[in-house]
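Student: This is what each chain is made of:
There are 2 protein chains.
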Amino acid sequence: MKKLINNPTKVVEEMIEGYVKAYPKHVRQLAENERALVTAKATREGKVGVLIGGGSGHEPAFIGYVGDGMADGVAVGNIFASPPPDPILEATKAIDKGEGVIYVYGNYAGDVMNFGMAAELADLESGIRVGSVLVTDDVASAPKAEKEKRRGIAGEFFVTKVAGAAADKGYNLDDVVRVAQKANDYTRTMGVGLTPCSLPQTGKPSFELAENEMEIGLGHHGEPGIEKGELQPADQVVDRLVNDILTDMPIDLGEKVAVLVNGLGSTTNMELYIMFRRVEQILSEKGIEIHRSYVGSYSTSLEMGGASVTITRLDEELAAFVDHPADCPMYVQK
Amino acid sequence: MKKLINNPTKVVEEMIEGYVKAYPKHVRQLAENERALVTAKATREGKVGVLIGGGSGHEPAFIGYVGDGMADGVAVGNIFASPPPDPILEATKAIDKGEGVIYVYGNYAGDVMNFGMAAELADLESGIRVGSVLVTDDVASAPKAEKEKRRGIAGEFFVTKVAGAAADKGYNLDDVVRVAQKANDYTRTMGVGLTPCSLPQTGKPSFELAENEMEIGLGHHGEPGIEKGELQPADQVVDRLVNDILTDMPIDLGEKVAVLVNGLGSTTNMELYIMFRRVEQILSEKGIEIHRSYVGSYSTSLEMGGASVTITRLDEELAAFVDHPADCPMYVQK
Numbered sequence: 001m002k003k004l005i006n007n008p009t010k011v012v013e014e015m016i017e018g019y020v021k022a023y024p025k026h027v028r029q030l031a032e033n034e035r036a037l038v039t040a041k042a043t044r045e046g047k048v049g050v051l052i053g054g055g056s057g058h059e060p061a062f063i064g065y066v067g068d069g070m071a072d073g074v075a076v077g078n079i080f081a082s083p084p085p086d087p088i089l090e091a092t093k094a095i096d097k098g099e100g101v102i103y104v105y106g107n108y109a110g111d112v113m114n115f116g117m118a119a120e121l122a123d124l125e126s127g128i129r130v131g132s133v134l135v136t137d138d139v140a141s142a143p144k145a146e147k148e149k150r151r152g153i154a155g156e157f158f159v160t161k162v163a164g165a166a167a168d169k170g171y172n173l174d175d176v177v178r179v180a181q182k183a184n185d186y187t188r189t190m191g192v193g194l195t196p197c198s199l200p201q202t203g204k205p206s207f208e209l210a211e212n213e214m215e216i217g218l219g220h221h222g223e224p225g226i227e228k229g230e231l232q233p234a235d236q237v238v239d240r241l242v243n244d245i246l247t248d249m250p251i252d253l254g255e256k257v258a259v260l261v262n263g264l265g266s267t268t269n270m271e272l273y274i275m276f277r278r279v280e281q282i283l284s285e286k287g288i289e290i291h292r293s294y295v296g297s298y299s300t301s302l303e304m305g306g307a308s309v310t311i312t313r314l315d316e317e318l319a320a321f322v323d324h325p326a327d328c329p330m331y332v333q334k
Numbered sequence: 001m002k003k004l005i006n007n008p009t010k011v012v013e014e015m016i017e018g019y020v021k022a023y024p025k026h027v028r029q030l031a032e033n034e035r036a037l038v039t040a041k042a043t044r045e046g047k048v049g050v051l052i053g054g055g056s057g058h059e060p061a062f063i064g065y066v067g068d069g070m071a072d073g074v075a076v077g078n079i080f081a082s083p084p085p086d087p088i089l090e091a092t093k094a095i096d097k098g099e100g101v102i103y104v105y106g107n108y109a110g111d112v113m114n115f116g117m118a119a120e121l122a123d124l125e126s127g128i129r130v131g132s133v134l135v136t137d138d139v140a141s142a143p144k145a146e147k148e149k150r151r152g153i154a155g156e157f158f159v160t161k162v163a164g165a166a167a168d169k170g171y172n173l174d175d176v177v178r179v180a181q182k183a184n185d186y187t188r189t190m191g192v193g194l195t196p197c198s199l200p201q202t203g204k205p206s207f208e209l210a211e212n213e214m215e216i217g218l219g220h221h222g223e224p225g226i227e228k229g230e231l232q233p234a235d236q237v238v239d240r241l242v243n244d245i246l247t248d249m250p251i252d253l254g255e256k257v258a259v260l261v262n263g264l265g266s267t268t269n270m271e272l273y274i275m276f277r278r279v280e281q282i283l284s285e286k287g288i289e290i291h292r293s294y295v296g297s298y299s300t301s302l303e304m305g306g307a308s309v310t311i312t313r314l315d316e317e318l319a320a321f322v323d324h325p326a327d328c329p330m331y332v333q334k
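Residue numbers (our numbering), protein chains in the order written: chain A, 1 to 334; chain B, 1 to 334.
Derived by calculation from the structure, the hints in this document are not laboratory data. Just so you know, nobody snuck in bad clues.
The list treats identical chains as one, so a pair stands whether inside a single copy or across any two.
Here are the simulated DSS-like cross-link-like pairs (lysine-lysine), alpha carbons at most 25 Å apart as the crow flies:
no.	residue 1	residue 2
1	Lys93	Lys25
2	Lys47	Lys334
3	Lys256	Lys25
4	Lys25	Lys334
5	Lys41	Lys334
6	Lys21	Lys256
7	Lys2	Lys204
8	Lys21	Lys286
9	Lys144	Lys182
10	Lys286	Lys25
11	Lys182	Lys149
12	Lys334	Lys169
13	Lys10	Lys204
14	Lys256	Lys41
Extracted from the complex, chain A is given alone in its bound form (with noise of 0.2 Å):
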């Protein structure tokens, strides 16, 4: 497939050059470690950190997602693959003021290995606490049983959002987990797959569908998902991504919920906004109330062709954090 980039081994730092060069209001890149990108501005006296991070090829996520009340620092892996330890240890003592630091990332191996040897070292080295919460938001990756098994997905937005809003409101370490790890219990992703991305080194696709194919619940990385058929309508589709968030998650009547219809890459805005009027519709139908919207690209794999459903219950705690504002590169809230 063709790339606009020069040497696919360079990628990721030729991304993260361009990225600083483009928000350097916003972020900057550690003298200690290229792979630990932190706030502009030093994080706040007595506030939690928020560090974030995983591979890269999901743009916007991780690195859009620094900034005022989000992640103060993020740590950038190779394409699908776990940053190492040493970038999450440099920004977890660069954001650290005291006051401990949440990690918020999604459940995949590589990633619960490094993030947890570095908050050990961080323990060591620095006296640093470290909290984590894991996004397990992905109904489709392990039963119900076991959701603790389940990978993060598009859901990480709303688990680093809650951990942010909390963290800026002057919340302390223990808070902050509490908090976070309430939206990530709160929060249900289902997906559809398309069409593949391909690796910058490889060119190869990254999975096979037929023409007329769909994959509903393929991973992030193009992790098998429960069933493949024939593409149906959007409404139909989203039909059953809805159905299998309530079925696994039920919500009543009257609940708040928010809502994100996330794009894999090169799936249309039309296409989300054709998916969220049905999702508006199924949950309108049921007496669920809409708080707060979210329709784009907001965690992508690469050029890959789908979209996914992300519903978050909403307490009046959870929503006040939805609504707090916020200031990153590549999301705003007023």
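Following the hints, position chain B against chain A.
Tutor: Here is chain B on its own, set in the frame of chain A:
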């Protein structure tokens, strides 16, 4: 090509329905015409109205740019087709507060005809004064001596930003038109196409390029560009695009500019950041100051692959408009 849609003849209606449901605090559909959207809050008394519009398929343009500090209304055409005079006229009436309305739209025959007709009708039927600025930023679409024949592409974002900010600051119609015209005069875009999109109704690719081919200057609706050739590394592509811009519009050492690296649909943010990196290197070497950067898919051609570089020269007046706050569903600036 696979699409997450329902009835291909209803995509625009369903997209608008989803969009308005997603952002009810920002936009509303006019009862008088379902292809006309205006800000949910009424246009402020005494403010010049700003109306944008054009074909669909360029989302987030143009519907995403209705909101505080940007446009007051948008007329929505079919995919890649001008809206008819009706929605333009109805939106004009809805946003006029006695100070007149500025139309900002791309220079395409259909748009010129329909916006022109709507302007006449607005005057005849309601005595509304309309000023128009046609965006002509696409360097590749006509020679420099015939700039008025050029098409409007991604640079419409800057012209809309400037018109919206000037109107928000209380400028009168003549002055809003003057500064929006200056923004257009000071804006140039050059793009490159890699892969086609397909219209929902036909499913057929909009043009053909070989597997390792790119087309410089390809239009936003698949209009032929100025040169086909083998795909080059990103730096060489950017060198070409920026060189064509600077040859057409020389920029002096010490001048300020705004830069937009825009994705056409399926091009990843990673590639856009890598392209921005090179734009920054070139401008920085020439002593040109990037006052503000924008990297992302601001104006697309459905799922087309490719990108464009837009540069707007900023004098003090234009820089202040670019910095003015905005609050649209798809673009927020604090």
